[in-house]
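Participant: Here the protein sequences come in this chain order: A and B.
Going letter by letter, the first sequence gives residues 138 to 406 in our numbering.
Going letter by letter, the second sequence gives residues 138 to 406 in our numbering.
If you're looking for bench data, these hints aren't it; they were derived computationally from the structure.
This structure is a prediction, so every number in the text was calculated from the model and none was measured.
Among the hints, a few may not be true.
No copy labels: a pair is met if it fits in one copy or bridges any two.
In silico DMTMM-like pairs for lysine to aspartate or glutamate, Cα to Cα no more than 25 angstroms straight-line [unchecked claim]:
1) K333 x E396
2) K323 x D360
3) K254 x D381
4) K333 x E306
Protein chains: 2
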Amino acid sequence: MENGKWKIKTAKKLPKITLVGAGPGDADLITRKGIKALQSADVVLYDALVNIELLEEVPDTAIKIYVGKRANKHAFKQEEINKMLVAYAYKHGHVVRLKGGDAFVFGRGQEEMAFAKQLGVQVEVVPGISSCISVAELQHVPVTARGVSESFWVITGTTRAGQLSRDIELAAQSTATVIILMGIRKLEEIRQLFIKEGRFDTPAMVVQNGSRVNERKVVGTIDTIVEQAREATIGTPGIIIIGDVVRLHPEFVEQAIEEQTQIIQRQAA
Amino acid sequence: MENGKWKIKTAKKLPKITLVGAGPGDADLITRKGIKALQSADVVLYDALVNIELLEEVPDTAIKIYVGKRANKHAFKQEEINKMLVAYAYKHGHVVRLKGGDAFVFGRGQEEMAFAKQLGVQVEVVPGISSCISVAELQHVPVTARGVSESFWVITGTTRAGQLSRDIELAAQSTATVIILMGIRKLEEIRQLFIKEGRFDTPAMVVQNGSRVNERKVVGTIDTIVEQAREATIGTPGIIIIGDVVRLHPEFVEQAIEEQTQIIQRQAA
Numbered sequence: 138m139e140n141g142k143w144k145i146k147t148a149k150k151l152p153k154i155t156l157v158g159a160g161p162g163d164a165d166l167i168t169r170k171g172i173k174a175l176q177s178a179d180v181v182l183y184d185a186l187v188n189i190e191l192l193e194e195v196p197d198t199a200i201k202i203y204v205g206k207r208a209n210k211h212a213f214k215q216e217e218i219n220k221m222l223v224a225y226a227y228k229h230g231h232v233v234r235l236k237g238g239d240a241f242v243f244g245r246g247q248e249e250m251a252f253a254k255q256l257g258v259q260v261e262v263v264p265g266i267s268s269c270i271s272v273a274e275l276q277h278v279p280v281t282a283r284g285v286s287e288s289f290w291v292i293t294g295t296t297r298a299g300q301l302s303r304d305i306e307l308a309a310q311s312t313a314t315v316i317i318l319m320g321i322r323k324l325e326e327i328r329q330l331f332i333k334e335g336r337f338d339t340p341a342m343v344v345q346n347g348s349r350v351n352e353r354k355v356v357g358t359i360d361t362i363v364e365q366a367r368e369a370t371i372g373t374p375g376i377i378i379i380g381d382v383v384r385l386h387p388e389f390v391e392q393a394i395e396e397q398t399q400i401i402q403r404q405a406a
Numbered sequence: 138m139e140n141g142k143w144k145i146k147t148a149k150k151l152p153k154i155t156l157v158g159a160g161p162g163d164a165d166l167i168t169r170k171g172i173k174a175l176q177s178a179d180v181v182l183y184d185a186l187v188n189i190e191l192l193e194e195v196p197d198t199a200i201k202i203y204v205g206k207r208a209n210k211h212a213f214k215q216e217e218i219n220k221m222l223v224a225y226a227y228k229h230g231h232v233v234r235l236k237g238g239d240a241f242v243f244g245r246g247q248e249e250m251a252f253a254k255q256l257g258v259q260v261e262v263v264p265g266i267s268s269c270i271s272v273a274e275l276q277h278v279p280v281t282a283r284g285v286s287e288s289f290w291v292i293t294g295t296t297r298a299g300q301l302s303r304d305i306e307l308a309a310q311s312t313a314t315v316i317i318l319m320g321i322r323k324l325e326e327i328r329q330l331f332i333k334e335g336r337f338d339t340p341a342m343v344v345q346n347g348s349r350v351n352e353r354k355v356v357g358t359i360d361t362i363v364e365q366a367r368e369a370t371i372g373t374p375g376i377i378i379i380g381d382v383v384r385l386h387p388e389f390v391e392q393a394i395e396e397q398t399q400i401i402q403r404q405a406a
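Using the sequences and the accompanying hints, generate a full structural model.
Facilitator: Structure follows, in structure tokens:
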């Protein structure tokens, strides 16, 4: 009775969920720990922002389920995903929940963890490279820099109520590098909050599809950034980075060198 | 002329520096991209906080140089490290600069990059898992959580001037999860700033050696955390996490369940 045996075997396997951060998009920006989890997965539930190349690490026998938003169809509700995770863990053993970036940065990973723990399933969390730091970094812009910025503040542009987070108002008054996720559609509102604080000249950049082959970006100031993003038709998913550290972006550096050169040439003429 | 040939060969190799974030300590929390960089390194310069197991990935022929702080000896100065990176790149080719966490989060990686670029060396940056998010995460505490915290603010406890960052004062007034790196020695000062805002009851945790086998932590509130850290002799390197998300830590959750159980038992008696 092959079938009967198989049932007993799977039922005996300890139910476990591993929440794995897949990183910002580049398939090589997952951790070694994340790859090991994928290699031992019986089931993988993955999101829209996950690089599907990563599924090559999963055993052929494993079940792979896409739970992200689908064209013309509704995404799975969070409650559905929670239940699926637990049900698959009890039925098949090791479930890997693969999420874009880091599961604990606006990722609702904690809700999935809490639900599973309540139902007696062991949960492990594997941190991922969060876009909030890495997308600027891959553009050679550090979120902190000695003598430029001593802190960075990561904020969601879209709160549960669908409004702009109140924290952005406070952030505009601080010296922190301000990083806004899920805020592309509210760029003009965000710009207004910074302008209210007189910060027209603060450098700003917007990056769409950071770390991916189709990455696109604009680099400017609070004053110009909305117009630049519109002209370049920058859309979601994207990240907004505001602060003096953006002046370290190669485009700013080149511009500064060019201006210096012109001044020297004019003086020499 | 074996020697002559060899010289020409090395001189012809393109000088390149890759800044690699090694992650918070667990050797499996480096990215696949970071491992690939190590595997193609001609020279590796590594810091004190880097897990030395990672050096197993480096070819036997590569030069490995420790540039962190040494017992009873001064650490290399930043300027010395900058010059070493460039000199080794021109002499040997691919230099990997392996730094704890992420090179661009209080890591001075940007200074190393800027110096090398000025001297004509190509620089690539490979993001690492930063302790600022992952250390809490590995304790099952998310830096953001729907309905609990819409943002997180990462601040250095020690500014260039050696003082407490002014941003911490503002952070105590915000609703952000506040994460302080390099602040263990200023825990009492930090506590005072939160108490001034009436935040005695705000949950707080301190973690030393996060993600490592010798990880230690205390979980409490602003009111109790300094005494707890002292009793547990928590030292550097450590991270402070302040905010309502800390209430999601398993110790808090267990405590809440126990209190609920006692109330129900008393009512039933």
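Participant: All hints are to be evaluated individually against the structure, with a verdict given for each.
Facilitator: So, going through the hints one by one against the coordinates:
For the identical chains of this complex, K333 and E396 are neighbours neither inside a copy (29 angstroms) nor across copies (47 angstroms), given an alpha-carbon limit of 25 angstroms. Taking identical chains as interchangeable, the C-alpha atoms of K323 and D360 lie at most 25 angstroms apart only when both belong to the same chain, with a minimum of 15 angstroms there against 38 angstroms between chains. Only between protomers do K254 and D381 lie at most 25 angstroms apart by alpha-carbon distance; the minimum there is 20 angstroms, versus 43 angstroms within a single protomer. Taking identical chains as interchangeable, the C-alpha atoms of K333 and E306 lie at most 25 angstroms apart whether they share a chain (9 angstroms) or sit on different chains (22 angstroms).
Checked against the numbered hints above, the structure breaks only hint 1 and satisfies the rest.
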